[in-house]
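First to last, the protein sequences are chains A and B.
The first sequence begins at 16 in this note's numbering and counts up one residue at a time.
The second sequence begins at 16 in this note's numbering and counts up one residue at a time.
These are computed hints drawn from the structure, not numbers from a lab.
Note that the coordinates shown come from a computational prediction; the quantities given were computed from them, not determined experimentally.
One or more hints might be untrue.
What the hints assert, rightly or not - Quick look at which bits of chain B chain A covers, simulated, 3 or more residues with Cβ under 8 Å:
(1) 24 to 32
(2) 246 to 258
(3) 343 to 352
Beta carbons: idealized from backbone N, C-alpha and C, even for Gly.
Here are the chains, one letter per residue:
Protein chains: 2
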Amino acid sequence: MFSGTNLPKMGTYNVNVVLSSIQASEGISRVEIAQQTGLTAQTVSVIVRRLIDNGIVEEGGSLPSAGGKPRKTLRINPTAAYAVGIHFDPREVAIVVVDMTGHELASSHQELSPTLEPEVLIDQAAQAAHKLLATLGIPDDRVLGVGAACPGPIDQSQGLVTSPPRRDRWTDVPIKRLLTHFIGFDVIVDNDANAAAIGERWSGHGRSASDFAYMYLGTGIGGAMFLSNNIYRGVSMNAGEFGHIVVEPNGSPCYCGNRGCLEAMCSPAAITRNVHVELALGRDSSLSSLYQRDSSQVDHTAICIAAAQGDDLARRVIDRVAEYIADCAVVIANSLDVELLVLGGKGVRHVAEIYKDKVNEALSSLPLARRTHVLRVAISEMSADGAALGAASMVLHANYAPNTAHLVSVAAGG
Amino acid sequence: MFSGTNLPKMGTYNVNVVLSSIQASEGISRVEIAQQTGLTAQTVSVIVRRLIDNGIVEEGGSLPSAGGKPRKTLRINPTAAYAVGIHFDPREVAIVVVDMTGHELASSHQELSPTLEPEVLIDQAAQAAHKLLATLGIPDDRVLGVGAACPGPIDQSQGLVTSPPRRDRWTDVPIKRLLTHFIGFDVIVDNDANAAAIGERWSGHGRSASDFAYMYLGTGIGGAMFLSNNIYRGVSMNAGEFGHIVVEPNGSPCYCGNRGCLEAMCSPAAITRNVHVELALGRDSSLSSLYQRDSSQVDHTAICIAAAQGDDLARRVIDRVAEYIADCAVVIANSLDVELLVLGGKGVRHVAEIYKDKVNEALSSLPLARRTHVLRVAISEMSADGAALGAASMVLHANYAPNTAHLVSVAAGG
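Just chain A, same shape as in the assembly (with noise of 0.2 Å):
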């Protein structure tokens, strides 16, 4: 049912409508803030004044004025707070410190032992967060919080990661409780999509578009979605599973129960699988001393690497790949009609000019309403560390930008 909105849900949207603006902007006045947000003037200089006061937002130069007093410039105060993203992969731990305008200070990782007790890794990322912390010289109390991103699906209200893939012992784990407790720190958790597609909307492709799509290569395939400025997560928080779009009908058996999944098609393992073969039936390749030496050798990075520098055999599977993954961002713009789709995740690097050739070429000839718009593909320039980062931004996020689902909660009471 409908949730009515009140003066104080309405005061707290207004202050984060105000500090989106600022946060979008290379610096911007008082005024452009009014005509961009349809707040009047006095509205936004109170909440300037207040945000300045807290030291969040700071003045900087002056703007030439057609008249009148000379207008200043605003911008996010960067040291203002800071945020911690940690991300959970499969194969091993990613940790990122970020300052208020989502900027990455530093970053460590930590390989993976597949022996290793829930608990016992989770107490060693919150260490290592703290030792992050402190190299910077970061007090507790400027930390806005932790954001850790997961293989989904995610139990979001309890923090559980229910069943990912592939990870038997993270079945029902309760992160959230975990972390907290060895962190010290709030805890938000989420998808590694939806914590890549917070990144991006905070400080990489996203922040321009109202309506984005993302697609999250990783060691599987998931995605996300902004739709009208807020994140959709769908009422189970399963929403935008487009590696489970069926790309191939009778295609490979995908873990969910389908079969030709895109993410049984194209993920990496399915890529080393489809190589792994040709090499076998002794196809010529750039790549065949190197197999037949340690085939453990011609992993995803390795085929990537030589489709990127010409190998026939590794270009010829990955074109194929580009192609479903294409396929994918047909039914997305068809079904959503969103602005933008970002291709991100490790699944990319070295392939991803020629995955987003082959999805322009598909979005331009395609969809529906490819007269009235086409689609805009980008690649994340998020670094490798895209999902942590991400899940830097989700507390970055959570604090600070207007959402009009908070605007009409009833948690926040009548």
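Given chain A, work out where chain B should sit, using these hints.
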């Protein structure tokens, strides 16, 4: 960019929150409204008083109360206002008049001559609507407005039908301006799938679902979605084109430029074509003799009736269609994670249960999140005039539904 909110927007929003609480119930007290919406008892009381004074809401009988004064139930006053809905289908124009609760009071239908100019047709529809209103004794000043449902794509801001498939005469027709001119009421234009979904929201299965998708099986196959209680249209008003999800790579070519789209494989024209081929090949069927006498009589309706009655050939073709629709439902489940999928439109008549069973089977076994919740399937219970009823509901919806987008729209000023 984000827009701020203000007191007038907040007031309007809360009135609509209260109204939608009353509308979704079968009689509700002020206390229950406050509980549902999170608004204070005082706010609810003030809003309800104003709605009663304006004649929009009426008090019914008393509910038993646990001490204190008895709680009066509140209901929408059906005669408070009326709306007209017009569905411009490629084959006919359907016109309905509904009361304030979305209940159909009367309808009329006109077969379309393919040679009719759009402006002549629109003029005739306007006259027919006025005749219906006169028959019902509804004065013009009680008519809230007119909703028009057209085959997509629509340019919603302009009310143009930009280039509907298979209707060249309707390309770039300014339907909103023409209809407003002829009918003399405010006009809202949307595509038929959105109209049907809004109808479902207002008085069908969608009443109690915050997140649902609608698959509209008409002359073509369209779709629509309510996400977080708001209709989601996408950046160019073309979201929800589920008919162009590819279900058979390398399948029949579709007018959209792709191959094997749901619409290309499952539209009434495709179904009819497939059955005709089988009959021409001499396959045994209860439709054979009719086909030999006059093949044009073996149309989509005849085929669906035959399938429902157990004819093997017709049933085989319809079963295959049901499987494709189910494939599409799984894509919707994995991408959108909604709680409900409504199947509606003329295309489901006679075969609704066949489609529903196959979709239910797929949704309980294939989507990734099926262990968290199974997407519910429902057949629209709207009459054959679903899109026309939906078009009328658009008027009620635009005037009375809480819309967080309006809460933060710039248009309403600072």
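Here is what the structure says about each hint:
Remark: the segment 24 to 32 of chain B is confirmed as covered by chain A, as 5 of its residues place a Cβ nearer than 8 Å to a Cβ of that chain, reaching the required three. Under a criterion of three residues with beta carbons nearer than 8 Å to beta carbons of chain A, the stated coverage of the segment 246 to 258 of chain B is upheld, 11 such residues being counted. Given as covered by chain A, the segment 343 to 352 of chain B passes the check, having 7 residues with a CB less than 8 Å from a CB of that chain where 3 are the minimum.
Every hint from the earlier list agrees with this structure, and none is contradicted.
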